[in-house]
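From just these sequences and the hints, can you work out the full model?
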Amino acid sequence: MAEPLTLTSNAAKRIAAIAARQAKPAILRLSVEGGGCSGFQYKFDLADAPDGDDSVSETDGVKLVVDPVSLDLIAGSTVDFVESLGGAAFKVDNPQAAAGCGCGSSFGI
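Its first residue numbered 1, the sequence shown is counted upward by one per residue in full-length UniProt numbering.
Please keep in mind that the hints were generated in silico from the structure rather than gathered at the bench. Values in this document were obtained by computation on a predicted structure and should not be read as measured data. Treat each hint with caution, since some may be false.
[What the hints assert, rightly or not] Listed next, the in silico DSSO-like pairs over lysine-lysine satisfying Cα-Cα at most 27 Å (straight line): (1) K13 to K91; (2) K63 to K91; (3) K43 to K13; (4) K43 to K91; (5) K13 to K24; (6) K63 to K24; (7) K43 to K63; (8) K13 to K63; (9) K24 to K91; (10) K43 to K24.
Here it is, written out as structure tokens:
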């Protein structure tokens, strides 16, 4: 069994606000795709519902769903929403990532 994913309260609040504006359920789908400057990149989308084989974690009523293939690459990660002078973005703290890029949206294992 893969380690669970964690969605911070800050990220959950941001997802709930985005979902409310778009009249969608507060479900964030995190997936991993090939590409980016380090080999893999994170992809975020709002989902209508979890798929049957998704891993689901929940914080403050907001769900984070991940497919089994992506979960192998990001198990144990924490998803946060950070705001800084450079902008605001969702950030994945992935303990499996051996390399990353300056933009923070791609990683290597």
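Mind listing which of the numbered hints don't hold for this structure, in increasing order?
none
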